[in-house]
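From first to last, the protein sequence lines stand for chains A and B. For the first sequence, position 305 matches number 305 in this note's numbering, and the numbering has no gaps at all. For the second sequence, position 419 matches number 419 in this note's numbering, and the numbering has no gaps at all.
The hints are simulated quantities; they were obtained by calculation from the structure and are not laboratory data. From the three backbone atoms N, C-alpha and C, an ideal C-beta is built for every residue, glycine too. There are no misleading hints in this set.
Covered stretches of chain A (chain B as the covering partner; in silico rule of three or more C-beta atoms under 8 angstroms from a C-beta of chain B):
1) 339-346
2) 445-454
Some chain A residues near chain B, calculated using beta-carbon distances under 7 angstroms:
3) Arg12
4) Pro125
5) Arg335
6) Ala352
Single-letter residue listing:
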Amino acid sequence: MSFRNEPILELRRAPVRESLLEAMRALDARLPLAVPVLIGGERGAAEGFESTDPGKPNRVVAHAGRGTEDDAAAAVQAAERGFREWSARSAAERATALRGAAARLRERRLELAALQVRECAKPWPEADADVCEAIDFLEYYAAGAIELERGPELIQVAGERNTMRYAPRGVAAVIAPWNFPLAIPCGMTAAALAAGNAAVLKPAEQSPASAAALVEALHEGGVPPDAVALVPGYGEAGATLVRDPRVHVIAFTGSSAVGLEIVRTSAETPARQPHVKRVVSEMGGKNCVIVDADADLDEAVPGIVHSAFGYAGQKCSAAARVLVHEAIADTLVERLTGAVEVLRVGQADSFATEVPPVIERDAQERVLRYRAAAGDRLMASAREVPEEGWFVPPSLAVGLPEESPVNREEIFGPLLSVTAVRDVDEAMDVVGSLPFALTGGLFSRSPATVERVADRSPVGNLYVNREITGAMVGRQPFGGNRRSGIGSKAGGPDYLLQFVEPRVVTENTMRHGIPVE
Amino acid sequence: MEADLQQVGRSIHAALPGRTRHPLRALDQKAMELAAQDQELRAALFRFVDVTPACNGLDDLARHLTAYLEEVDERPPPLEAAMRMSGTKAGRTALGAAAAAGVRRMAHRFIVGETPRAALRTIRHLWEHGAAVSLDLLGEATVTQPEADRYAARCLDALETLAEAAPRWPAQPLLESDSLGPIPRVNLSVKVSALTPLLRPEAPEVGRDDAARRMRPLLERAQELGAHLHIDMESVDTLEATMELVFELLDEPGLRDGPSAGVVLQAYLRESPDQLERVIEWAQGNERRTPLVVRLVKGAYWDHEVVEARQHGWTPPVFEQKAESDRNFEALTRRLLEGWPHVRPAVASHNLRSVAHAVAANRAAGRDDRDLELQVLRGLGDDLAAALADQGMRVRIYCPVGDLVAGMAYLVRRLLENTANESFLGDQQRGVSIEELLAAP
Numbered sequence: 001m002s003f004r005n006e007p008i009l010e011l012r013r014a015p016v017r018e019s020l021l022e023a024m025r026a027l028d029a030r031l032p033l034a035v036p037v038l039i040g041g042e043r044g045a046a047e048g049f050e051s052t053d054p055g056k057p058n059r060v061v062a063h064a065g066r067g068t069e070d071d072a073a074a075a076v077q078a079a080e081r082g083f084r085e086w087s088a089r090s091a092a093e094r095a096t097a098l099r100g101a102a103a104r105l106r107e108r109r110l111e112l113a114a115l116q117v118r119e120c121a122k123p124w125p126e127a128d129a130d131v132c133e134a135i136d137f138l139e140y141y142a143a144g145a146i147e148l149e150r151g152p153e154l155i156q157v158a159g160e161r162n163t164m165r166y167a168p169r170g171v172a173a174v175i176a177p178w179n180f181p182l183a184i185p186c187g188m189t190a191a192a193l194a195a196g197n198a199a200v201l202k203p204a205e206q207s208p209a210s211a212a213a214l215v216e217a218l219h220e221g222g223v224p225p226d227a228v229a230l231v232p233g234y235g236e237a238g239a240t241l242v243r244d245p246r247v248h249v250i251a252f253t254g255s256s257a258v259g260l261e262i263v264r265t266s267a268e269t270p271a272r273q274p275h276v277k278r279v280v281s282e283m284g285g286k287n288c289v290i291v292d293a294d295a296d297l298d299e300a301v302p303g304i305v306h307s308a309f310g311y312a313g314q315k316c317s318a319a320a321r322v323l324v325h326e327a328i329a330d331t332l333v334e335r336l337t338g339a340v341e342v343l344r345v346g347q348a349d350s351f352a353t354e355v356p357p358v359i360e361r362d363a364q365e366r367v368l369r370y371r372a373a374a375g376d377r378l379m380a381s382a383r384e385v386p387e388e389g390w391f392v393p394p395s396l397a398v399g400l401p402e403e404s405p406v407n408r409e410e411i412f413g414p415l416l417s418v419t420a421v422r423d424v425d426e427a428m429d430v431v432g433s434l435p436f437a438l439t440g441g442l443f444s445r446s447p448a449t450v451e452r453v454a455d456r457s458p459v460g461n462l463y464v465n466r467e468i469t470g471a472m473v474g475r476q477p478f479g480g481n482r483r484s485g486i487g488s489k490a491g492g493p494d495y496l497l498q499f500v501e502p503r504v505v506t507e508n509t510m511r512h513g514i515p516v517e
Numbered sequence: 001m002e003a004d005l006q007q008v009g010r011s012i013h014a015a016l017p018g019r020t021r022h023p024l025r026a027l028d029q030k031a032m033e034l035a036a037q038d039q040e041l042r043a044a045l046f047r048f049v050d051v052t053p054a055c056n057g058l059d060d061l062a063r064h065l066t067a068y069l070e071e072v073d074e075r076p077p078p079l080e081a082a083m084r085m086s087g088t089k090a091g092r093t094a095l096g097a098a099a100a101a102g103v104r105r106m107a108h109r110f111i112v113g114e115t116p117r118a119a120l121r122t123i124r125h126l127w128e129h130g131a132a133v134s135l136d137l138l139g140e141a142t143v144t145q146p147e148a149d150r151y152a153a154r155c156l157d158a159l160e161t162l163a164e165a166a167p168r169w170p171a172q173p174l175l176e177s178d179s180l181g182p183i184p185r186v187n188l189s190v191k192v193s194a195l196t197p198l199l200r201p202e203a204p205e206v207g208r209d210d211a212a213r214r215m216r217p218l219l220e221r222a223q224e225l226g227a228h229l230h231i232d233m234e235s236v237d238t239l240e241a242t243m244e245l246v247f248e249l250l251d252e253p254g255l256r257d258g259p260s261a262g263v264v265l266q267a268y269l270r271e272s273p274d275q276l277e278r279v280i281e282w283a284q285g286n287e288r289r290t291p292l293v294v295r296l297v298k299g300a301y302w303d304h305e306v307v308e309a310r311q312h313g314w315t316p317p318v319f320e321q322k323a324e325s326d327r328n329f330e331a332l333t334r335r336l337l338e339g340w341p342h343v344r345p346a347v348a349s350h351n352l353r354s355v356a357h358a359v360a361a362n363r364a365a366g367r368d369d370r371d372l373e374l375q376v377l378r379g380l381g382d383d384l385a386a387a388l389a390d391q392g393m394r395v396r397i398y399c400p401v402g403d404l405v406a407g408m409a410y411l412v413r414r415l416l417e418n419t420a421n422e423s424f425l426g427d428q429q430r431g432v433s434i435e436e437l438l439a440a441p
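All chains, please: the whole structure from these sequences, using the hints.
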């Protein structure tokens, strides 16, 4: 496959940074944006709720139409029409449209990065990386669809011809989170479309404008208006989509609670529903980084800090726990403490910011509750935190008991817990005792240790001697196991298979005892 | 000028010491030659050198060594023997001890001492034999403010220690002045990345300002002690912060008449010609009491720059062909010499052609040999330094100081350089002819 990741911006160059600030000024002049319900290319209501800047909650980024249950039903109906038109196209034709959408995102990449900075308080490097990942998903699945259309090789014997093909399932409901406001909705929607399905996208209520930019790009790239709809809104729109018997696939990324609810609801198969729904669900994590005694701490400290506090810990791949060999625990804690204290907390639109605010008031309150639960085990916090906005000081807790909620539950914020262990095996026992298995990290310079941990670790993505976030499409297919997800790998070679059904045709090629091939 | 260059090159080459070596050094040389021939073996040895300080005892050392060697397909006989030793506890202890001694020996070749005080004997010895030094304090990465404070304190201590000892060194007129005036005996190289934990490529001003508050007292003290402070250059990620820091600090009213100071220009950077213009323009506009020293180097972060660029889909900021880099080195040398007397040129290279070119170009510009400083690295360029001193050139040896843990990153970089296929030293050791060594890139 001739796929290459979209190059991220070279932010170490001053003119590149200036171009982003200029894009921000242009965007600010246009705020607030209007995000309508978009069904069959028809723009519906663009009022009902708003997205705001988490760093300046008074700044409205977008007014959006609040998709109702009726809107969700209408979107599915349009998608059924869209499916007939779209699935009749060849994979190459569908790929052309997806690549057209990628080109459109590429043209708008500065503006779209700026939009994420405002709508989700995503700092510049991560906002840029998110736009690139969205482009990558479109390109990667476009190429993947063409390969998939060829079908796999089957064993052939005399007198019969066996073929296998992958057919699209139908209508896909895509329910997306806010933390990768363009890339994740794009990945799930692009995969559904690449495989020949129609899609209805219900983005997170925190980030409707980024999702709208995606749907616009898909339409401009050549995806028929009926084949992809946008239903902004809250849970009720998503729940309606999940229940709808005309929906075939549900692609979800978000919290474990909602994910498991989707798995349960979609398992119900009423008599009028002639299929069993397929669910692709990416849920939470409690990601551990193991630091062995022979680790290079010069690499481990920045790697851990970046993994735990980048985007204020609001990545499903983020590091939540460090399990460190007792021989070097004191040194690591001392260095981590100092590194946390110098983290720069601030507005996402400043290039100097490393830890932005969390997404909303509820999130701030939640993280602060866990922080309080850490009590006197809280060893370090960043020194200065702005007053306005949903800021939480990035913090380090050390030596909490294993059963502490801080150690067991997903916090999704800038709080990292460090635990000393006797050795790597004890660390692996801790990892094995957690219900999640999304990402994990290991810092060790022993090939034997790397092999042992890789062998025992249940996680979907294990990173060795580097940060544990930042999976790249095609290079690090991403997704978790256990209660972290159903195991499908976004940006990997088998992701599209979730969106198709396999069909095998066996033809008898004998006529009157004579092979006619 | 080319004829003069060839003649200079030949006379330096003739002055290089013969190949008789200390037996232990020959052993290291053997190890490095083996490593240069086999990429897998090279990787295994580097990984071992890198992990040495983190190993807990001889047994642990031996286990790491054999684990790396297991990944090498074809092991030369001495290493096969090492693998067999690792089967028993006693064998591992012996193997660990031998390997640790080997790494220590290599480290001593490149690192002059654990502290500036411990390095004084060597420094004086070099001075007496016609070579000045620039001291470089090795350290672990700076990720916290206390670590930055400790590095700054070590720098101050190094300045004080050297300044206290230097007056007792014998007179070396060639090393102490050029036609622009006196040259400090005490010379310290400092790294901006060690002076602050806040260097971020996308926000250079944050690290720059934090480093400035530690660099300022160093410059002030250097001024009081009559010492030279050289600000090293590292990867492109820190380039903007470093250049701005130097320009801003040296422009401050209190420092305009400050100490002798210097910057570094990396010839492997595609943007280096523009940088040099900026530096010369700045120097011309700022009549400092002592001209800015510009050290021209090839650049030591080539692999890092190329890998980082490839991972991110960028055009590498460095020349990918060695010849391009070498040609640029010569062009920059000529431009740098034109900048005199606003800048003092210091050409740092182990490449005989580049060195001969600098000497010849300086002469072609009608200048005295002492108006050109030539620099080499401790452990790599010692023979060249001796030959240059013998030829009456002004030589400075860049001498790292620090313990084994702190020195490891440096050591690995130097070993990489020394065993790279394209290295000049490699060519020289393979007995490449003088014609080829001096051929135009």
